[in-house]
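Same order as they appear, the protein sequences are chains A and B. As numbered in the working numbering, residues 95 to 377 make up the first sequence, in order. As numbered in the working numbering, residues 95 to 377 make up the second sequence, in order.
Think of the hints as simulated: they come from the structure by calculation, not from any bench. Keep in mind that the hints are not guaranteed to be accurate.
Which copy is meant is left open, because identical chains are indistinguishable; a pair holds if it fits in one copy or across any two.
For lysine to any residue, the following SDA-like pairs were computed, each having C-alpha atoms within a straight-line distance of at most 25 Å [what the hints assert, rightly or not]:
| no. | residue 1 | residue 2 |
| --- | --- | --- |
| 1 | K211 | I279 |
| 2 | K211 | Y114 |
| 3 | K285 | R372 |
| 4 | K211 | T133 |
| 5 | K285 | I300 |
| 6 | K285 | S119 |
| 7 | K211 | D278 |
| 8 | K211 | V306 |
| 9 | K211 | A280 |
| 10 | K285 | R137 |
| 11 | K285 | A130 |
| 12 | K285 | L117 |
| 13 | K211 | V136 |
| 14 | K211 | P347 |
| 15 | K211 | D163 |
| 16 | K285 | T133 |
| 17 | K285 | F220 |
| 18 | K211 | A238 |
| 19 | K211 | D177 |
| 20 | K285 | P199 |
| 21 | K211 | V373 |
| 22 | K211 | Y200 |
| 23 | K285 | Q231 |
| 24 | K211 | A270 |
| 25 | K211 | V125 |
| 26 | K285 | Q239 |
| 27 | K211 | Y97 |
Protein chains: 2
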Amino acid sequence: MSYVYVIDEERHLLGVLSLYRLLLSPPTTPVVDLIAPTTIRVRATADREVAARLLTDRNLLAIPVVDDDDHLLGIITEDDVADVLLEEAAEDIERLGGSQPLEVPYRLASLPLLVRKRLPWLLLLFVAGAYTGTVMQAFQAELAQAVALAFFIPLLIGTGGNIGSQTVTLIVRSMALGEVALRDIAWIIWKEIRVGLALGAIMAVIAFGRAVLLGVGNDVSAVVAVAILAISLWSATVAATLPLILRRIGIDPAVVSAPLITTLVDGTGLVIYFETARVMLAL
Amino acid sequence: MSYVYVIDEERHLLGVLSLYRLLLSPPTTPVVDLIAPTTIRVRATADREVAARLLTDRNLLAIPVVDDDDHLLGIITEDDVADVLLEEAAEDIERLGGSQPLEVPYRLASLPLLVRKRLPWLLLLFVAGAYTGTVMQAFQAELAQAVALAFFIPLLIGTGGNIGSQTVTLIVRSMALGEVALRDIAWIIWKEIRVGLALGAIMAVIAFGRAVLLGVGNDVSAVVAVAILAISLWSATVAATLPLILRRIGIDPAVVSAPLITTLVDGTGLVIYFETARVMLAL
């Protein structure tokens, strides 16, 4: 439907005029008789997501933007909203990939720009992950006694990171779509605990088989299986909680990118692994 | 502008009729005199991205869809296109997070559904990463001689994975936007080689400092620094090439998710690290 917004002399919004109605009425009808009053409008100070959601929910082609005194300032149309939503999706994608949004096409991005956009994340993740060295050093006695434990480090922390990435992506997406919020934290964690346990149990069986195939013996294989179950549970739980808490303290949860959660569960996963080994192998 | 498509008795598309033009012309004018011929249309068999791009590029509100004989079948409107583009962006986000698209809201997703959508990726990544165990086993003599080498495994493969994730995300995004294609592979690799070297050189300095702080001695610290430079270069190059080659052999490059590239560079990064150690420490 094609329509125009009608205002009075002081630019107060009176309503909308449908062109179909105009077309079908006698040429002499005053415009004021054809106006349909509209209560839908957004304040200029409202968040752009409010406007986007109003438009999408009510399936409108446009909504008027007004100031505090209901003076018409302009309109927002559906294609503006699509651009906004697409832009935000694109930024989420870039952030999930662990880079700041480029803001220019990749082919036009200069070398210094690419380095500048990517380095802060790499440094942050390096610093966040640097404690893994301390963790490994703390367990060097265990490591020296059973070098075979080292074989599974990449696989264990990789699986923990992958489960964490999945959870973070699903939760951040749901938050962006307004499906979940902080008040849902209890059932989200409960859901992810069960998903983590189910995924971890399956991965434990496979990891045990892989360890036996590598010929490291049943003892170390059992440690690997128990550790992967515990790490899966832990990763899913941490990854479910973190975006909600960050939102709570005012940080955009899209920045809890997959690489960041990976780094966070790397070191804690190592502690779980070596503590499991210490107990089960009596090191 | 509000307009209607006009067809003849056999549903051949004749053109478009603007409602403004109808409004402004005398009531007795035959419709046929007011039609503007249109050459813009899409075949029903065309890819939905073709329609989306036509609409976006020409800033249209709708385009007609025709069969092979130019009979009008229906129209695609701008809000359909926004939905299509947003849906694809959402799927890309979920894939980059290493999960198959859920297709239902997270809060409605059952436990079995979540496990079913997430397990295939975890298994694939586990199997793809299982060779890291073999790699580590192959270097167990070096590891036993210098246990300190193990301290940096999570940090080194983490950094390699992070750089690979960044590159994959940027390239997949550029491909989705039509900015780069397979013919661009040479300059993309050249660009990523330089970015990888620049990032790697900075990370090498920081990694050297971290290793010295951990007290592992200058020799091992130098190995860590050289390895992180080589791994950065390698990860950026592999991650730049893979999406383009996958597209070439007909696989959606969005499936080269960040976790997959991480897993791929994990094991090769370990080879680089231990080979560097073998040469530099004369193990």
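- Message: When Cα atoms must be at most 25 Å apart, do K285 and F220 count as within-copy, between-copy, both, or neither?
- Response: Answer is between; shortest inter-copy Cα gap is 23 Å, intra-copy 31 Å.
- Item | Identical-chain pair category, K211 with T133, by Cα at 25 Å | Neither. Shortest intra-copy (44 Å) and inter-copy (43 Å) distances fail the 25 Å Cα cut-off.
- Message: One pair to classify: K285 and Q239, alpha carbons no more than 25 Å apart. Within, between, both, or neither?
- Response: Classified as neither; 39 Å inside a copy, 45 Å across copies.
- Message: Within a copy, between copies, both or neither: which one fits K285 and R137 at a CA-CA cutoff of 25 Å?
- Response: Intra 38 Å, inter 45 Å, cutoff 25 Å: neither.
- Item | Intra- versus inter-copy proximity for A130 and K285 (alpha-carbon distance at most 25 Å) | neither (48 Å within a copy, 58 Å between copies)
- Item | Intra- versus inter-subunit Cα pairing at 25 Å for K211 with V136 | neither (35 Å within a copy, 39 Å between copies)
- Message: Cα distance capped at 25 Å. Does K285 pair with I300 within a copy, between copies, both, or neither?
- Response: within (23 Å within a copy, 40 Å between copies)
- Query: Can you tell me if K211 and V125 fall within 25 Å by alpha carbon in one copy, between copies, both or neither?
  - Reply: Classified as neither; 54 Å inside a copy, 57 Å across copies.
- Task: State whether the alpha carbon distance between K285 and P199 is at most 25 Å within one copy, between copies, both, or neither.
- Result: Classified as between: cross-chain Cα gap 14 Å, same-chain 39 Å, threshold 25 Å.
- Intra/inter-copy verdict for K211 and D177 if alpha-carbon distance must be at most 25 Å: within (23 Å within a copy, 30 Å between copies)
- Query: For the identical chains here, do K211 and P347 meet the 25 Å Cα criterion within one copy, between copies, both, or neither?
  - Reply: Both: 19 Å inside a chain and 23 Å across chains, each within 25 Å.
- Given identical chains, is K211 near V306, meaning Cα to Cα at most 25 Å, within a copy, between copies, both, or neither? neither (44 Å within a copy, 28 Å between copies)
Hint check: violations occur at hints 2, 3, 4, 6, 8, 10, 11, 12, 13, 15, 16, 18, 21, 23, 25, 26 and 27; the rest are consistent with the structure.
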